[in-house]
Structures are given as C-alpha cells and as structure tokens.
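Asks: Kindly produce the complete structure, drawing on both the sequences and the hints.
Each residue of the sequence shown is one higher than the one before, counting from 123 in our numbering.
Hints were generated in silico from the structure; no laboratory data involved.
The C-beta atom is built at its ideal place from N, Cα and C for all residues, glycine as well.
Treat the hints with care, as some may be off.
Stated by the list, open to error - Label pairs and their calculated CB-CB ranges:
| no. | residue 1 | residue 2 | range |
| --- | --- | --- | --- |
| 1 | Asn200 | Arg169 | 13 to 23 Å |
| 2 | Phe145 | Ala188 | 11 to 21 Å |
| 3 | Glu164 | Ala188 | 27 to 37 Å |
| 4 | Pro137 | Gly160 | 12 to 22 Å |
| 5 | Asp156 | Asn200 | 27 to 37 Å |
| 6 | Ala195 | Arg148 | 13 to 23 Å |
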Amino acid sequence: MFLENPPVAAQTSSPLGRALAGFRGRIHAIQVTDGASGLTPEELESRLIELGFVEGATVEILHEGAFGRDPIAVRVDNATIALRRREAMAIFVV
Numbered sequence: 123m124f125l126e127n128p129p130v131a132a133q134t135s136s137p138l139g140r141a142l143a144g145f146r147g148r149i150h151a152i153q154v155t156d157g158a159s160g161l162t163p164e165e166l167e168s169r170l171i172e173l174g175f176v177e178g179a180t181v182e183i184l185h186e187g188a189f190g191r192d193p194i195a196v197r198v199d200n201a202t203i204a205l206r207r208r209e210a211m212a213i214f215v216v
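Replies: Pasting the structure below:
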C-alpha cells in the first residue's frame with residue numbers, strides 16, 4: 123500500500139542560544155522564562171519583538187564572542203544584532 127501524501131515529520135524547535143555560529147533558521151516562538159535576563163519576562167519579550175525577533179523571521183548566527191561564545195552576532199531578516207546567549211534562550215528556532 124502506498125500513501126499519496128506521506129506524513130511530514132514534525133519540526134522540533136530549540137533555543138537560539140544553543141545554536142552555533144553558521145546556524146540558519148526561522149523563528150518559531152518567543153518563550154521568556156524568569157531569570158533569562160535582568161529584565162522582567164514581559165520587558166525582555168517586548169524588546170526582542172522590537173528588535174525584529176518575531177515568528178517567521180529568518181535568523182543566522184554570524185559570529186560568537188571569544189570567551190564563552192558570548193555574545194552572539196545575529197542577523198534577523200536584514201538587521202545585525204548583538205545578543206547575549208541567555209537572552210537568545212528565549213527565542214525558539216527551527
């Protein structure tokens with residue numbers, strides 16, 4: 123028996139903060155937890171959105187800091203932004 127439309131494997135998202143330099147993907151969700159930054163979760167989420175980290179935007183990690191791979195330089199759509207990895211943990215990508 124052949125399936126006309128085989129099931130598509132579900133894409134799992136992972137935090138951008140765990141990705142390595144050279145990673146390219148798309149933003150799936152923003153999920154801020156307590157302790158992700160010195161800001162409240164609401165403030166951090168608002169700032170990330172203002173910087174262009176919105177669902178569906180393309181992202182690429184361009185560069186990592188020399189010590190502890192922090193901060194990272196991220197291209198989101200056509201803007202390049204420096205971001206701490208602990209803040210990037212709130213951005214889920216596929």
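Asks: Each of the hints needs a verdict: does it hold here or not?
Replies: To see whether the hints hold, each was checked on the structure:
no.	hint	verdict
1	Asn200 x Arg169: 13 to 23 Å	holds, 19 Å
2	Phe145 x Ala188: 11 to 21 Å	holds, 18 Å
3	Glu164 x Ala188: 27 to 37 Å	holds, 32 Å
4	Pro137 x Gly160: 12 to 22 Å	holds, 18 Å
5	Asp156 x Asn200: 27 to 37 Å	holds, 32 Å
6	Ala195 x Arg148: 13 to 23 Å	holds, 18 Å
Against the hints set out earlier in the document, no violation occurs for any number.
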